[in-house]
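Peer 1: Sequences listed follow chains A and B, in order. Taking my numbering, I'd label the letters of the first sequence as residues 1 to 156. Taking my numbering, I'd label the letters of the second sequence as residues 1001 to 1664.
By construction, these hints were calculated from the structure, which means they are not laboratory data. Heads up, a few of these hints could be off.
Claimed, not checked - Cβ pair distances, simulated, as ranges:
#, chain 1, residue 1, chain 2, residue 2, range
1, B, Ala1344, A, Gln54, 22 to 30 Å
2, B, Gly1513, A, Asp72, 12 to 20 Å
3, B, Glu1568, A, Ala55, 23 to 31 Å
4, A, Gly53, B, Ser1143, 41 to 49 Å
5, A, Val12, B, Ala1648, 46 to 54 Å
6, B, Ile1472, A, Gly53, 54 to 62 Å
Treat the numbers as computed from the prediction; the structure is a model and nothing was measured. Don't be surprised by glycine CBs; every beta carbon is placed ideally from N, CA and C.
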Amino acid sequence: MSSIKPKHQRIVLVSLALLAIIAAGLLAAWALRNQANYFYLPDQMMADPPAVGQAVRLGGMVAEESIETLDDGLTVAFVVTDKAEARVPVRYTGILPDLFVEGSGVVAEGSLGPDGVFVADHLLAKHDENYVPRELQDMAEHQGEPGLQDTAVGGE
Amino acid sequence: MSAELGLAALWMAAALAVLQLVGGAIAQRDPDAPLAALGRPAAMLQGFLALFSFGMLLWVFAITDLSVKLVAANSHSMKPMIFKLSGAWGNHEGSMLLWVTVMALAGALIACIEKRLPEKTMQATLAAQGFVALGFYAFLLLSSNPFERLPVPVPEGNGLNPLLQDIGLAFHPPTLYMGYVGLSVAFSFAVGALVTRQVTHEFARVMRPWVLGAWVFLTMGITAGSYWAYYELGWGGWWFWDPVENASLMPWLAATALLHSASVLAARDALRAWTIMLGVVAFSMSMLGTFLVRSGILTSVHAFAVDPERGSFILALLTIYIGGALLLFALRVSTVSEGQRFAATSREGALVFNNVMLSAILGIVLLGTLYPLLTEAFDVRVSVGPPYFNPVGAIFTIPTLLAMAVGPLLRWREDNIERLRAPVAIFIVLIVTTALFTVLAKSDIGILPLLGLAVAVGLGVASFMPLRGRDILRVPLATWGMVLAHFGVAVSLLGMASESAFTKEKLVAVAPGGTTELGGFRITLEGVEPVAGPNWTAMEARISAQRGAGRPHVLTPQSRSFWAPAQETTESALLTRWEGQLYAVVGNQADDGRWQLRLWWKPLVTLIWLGGLLICLGGVLAIIGRLVADLRRRHADRREAEEREEMAALRANASSPTANWEAV
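Only chain A is shown next, with the shape it has when bound in the complex:
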């Protein structure tokens, strides 16, 4: 190595570093395309459902009078709707998040089961009166929902 001129060592080092970082970038880009978790609104999920078992997120409103606790005392079934036609049944086993109520926004992380019921592993509800999951905030703006508007971030 000592025979290499200083200028050359710098070039070798820089190219090796660039190579490693480009490799990391390519790997990241490839993995992102495969592993990113897509977000669906209820109507999108009805029209073009994701593959069974693929991890996705479903966001919408909890339909009125749809929350039902099953006999095991742990599993909750409810319907996520966009307040129009689309209704997706969801099942969740676990402790419900704070402020999970009918008529409020929810984002469910999970996958679609073979029976067409969305099985959620995790629910994100309104965090507090100032926080709405960002996707739902957009939905409220697009559809001019007064119900969510007053919970939008900032509140000023």
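Chain A is fixed; fit chain B onto it per the hints.
Peer 2: Relative to chain A, chain B alone:
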């Protein structure tokens, strides 16, 4: 009145930052200009004024002055005093004021004590520091004034988000900010060195304590933040790859790389341009972190205080500083001469490898964090989580950990790998044996936890190998620091791997008096009762956990309802044993009277944060060691110079004896 005083102090501090910038710039042309002498005093006074301004903000929060908009929006007269004070920085404006205060104090400190670098470089450094501070003053004064008054005072404040009313979180943002700001000082030193073409090992020695300090604070902030998310969110997880978390991880990765390359520059005068580049990148990541958190541009489960307009302001600042620094780097890099050479198998070689790998991990986290933003431009909404970060990150993390075990054993400049045959063999044998035993104990273990366990055990032993064959009492403090920090990484990794491999989880519905089993514990729900706190009421479950015939322990998880602001939170309860933690959360009551309980048994989980503390301790030892060594060296230099002067004086007297007579 105090609010107005605070605002006035802030304007004056901003004016002094201008003076610091102008003075430093003039000093580059004419070091003897009158304005040039003002750089240091301006920096010191600016530090004092910023501190005064922050003190005023604390005061209006302490007395709950409801005519100040920020207090009305974020505080409440009923809150405990500690949370009134922490409320001062638990919001956007206050946290930005805290940021500039810490930054101004850091500037004052370097102006006050740093005398090692050439004065011209110091002036350029202070000018850069003033320039960065100026942007943040403009941001505060023009778009987020913390002292704004309401036209009519409100009768009562809004309160602080209950999730933030927690002692751990009270000190989380200040800790992270000290880390971010420490990196801003490193950035200013890098700019100063580039401007005056003084990229030397002396520059690295001056910069290193700041990088180390920033890194210790970032480590502490991340560790505390992770523990907070673990027990406060009640989800049983300790890291969610949330953008807000990534925002603190990215500067840490860059600071870790910078710390190691600065060591190479200080010890061996190599990697000059690379160290400067990392200085710029590390501060960019701090700014980007602030931008991501403060703008609310990314989906986040805990993005508090979000505002897109302010985000654009920070983005503009980010563009100016980082774009400017990169431009300066591009213009000047050719004048930074090549440092010392080294062979591939050497301490430097291992450190370069570590740097490249850390940069790759940084790139992966950065891409994963920004990807949802990118796809949203094409109207596709995605989120990126553990299925991406864990495996892709591991591809680069595991080689880094392996290099960490071997690197410190190598000699500087050139080494022969044959010499290390014994330690490397021990390391490999440990990894393979641990992996084999783990697979025997639990055959369905995932590949990542398995690798994590094996490497953690190997690295834990290897991290002490640099001490072998040395007199323990004479090992420098800085070396102890390195050993401890590397050992801390192994401890933390062991905790992470064990948590993800061996956690047992149970979700049950039990009636009061009912019993369930988990992780060798017999868990009984004794009852659920309402309780009240200063600003909340709660349903509190009394759970007893008993192992064999041992003493039963009581856990009391709660479901709390706050009334200002109205919000519910789940308060988890933890039972800490040396070999793990029992984690309990209480949910809703079903119609038949049973309560939902979610329980986890997490073996060795506390090692995650214990490792973080060890890493911090290592960093602190390294700082002390470096500072003490530096003071000693300077003392020796001074004495040598004095002796030389005396000798010269004697010699002068000897050569011209008459001179003395004339003087008399």
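Peer 1: Compare the structure with each hint and give your call.
Peer 2: Evaluated hints:
Range check, Ala1344(B) to Gln54(A): about 45 Å between beta-carbon atoms, so the 22 to 30 Å window is missed. Here the CB-CB span from Gly1513(B) to Asp72(A) is close to 19 Å, well matched to the stated 12 to 20 Å. At roughly 28 Å, the beta carbons of Glu1568(B) and Ala55(A) sit within the given window of 23 to 31 Å. The given range of 41 to 49 Å is respected by Gly53(A) and Ser1143(B), whose C-beta atoms sit roughly 47 Å from each other.
Taking 46 to 54 Å as the suggested C-beta distance range, the pair Val12(A) and Ala1648(B) conforms, at roughly 47 Å. With their beta carbons about 56 Å apart, Ile1472(B) and Gly53(A) fall inside the hinted range of 54 to 62 Å.
Consistency note: the structure conflicts with earlier hint 1 alone.
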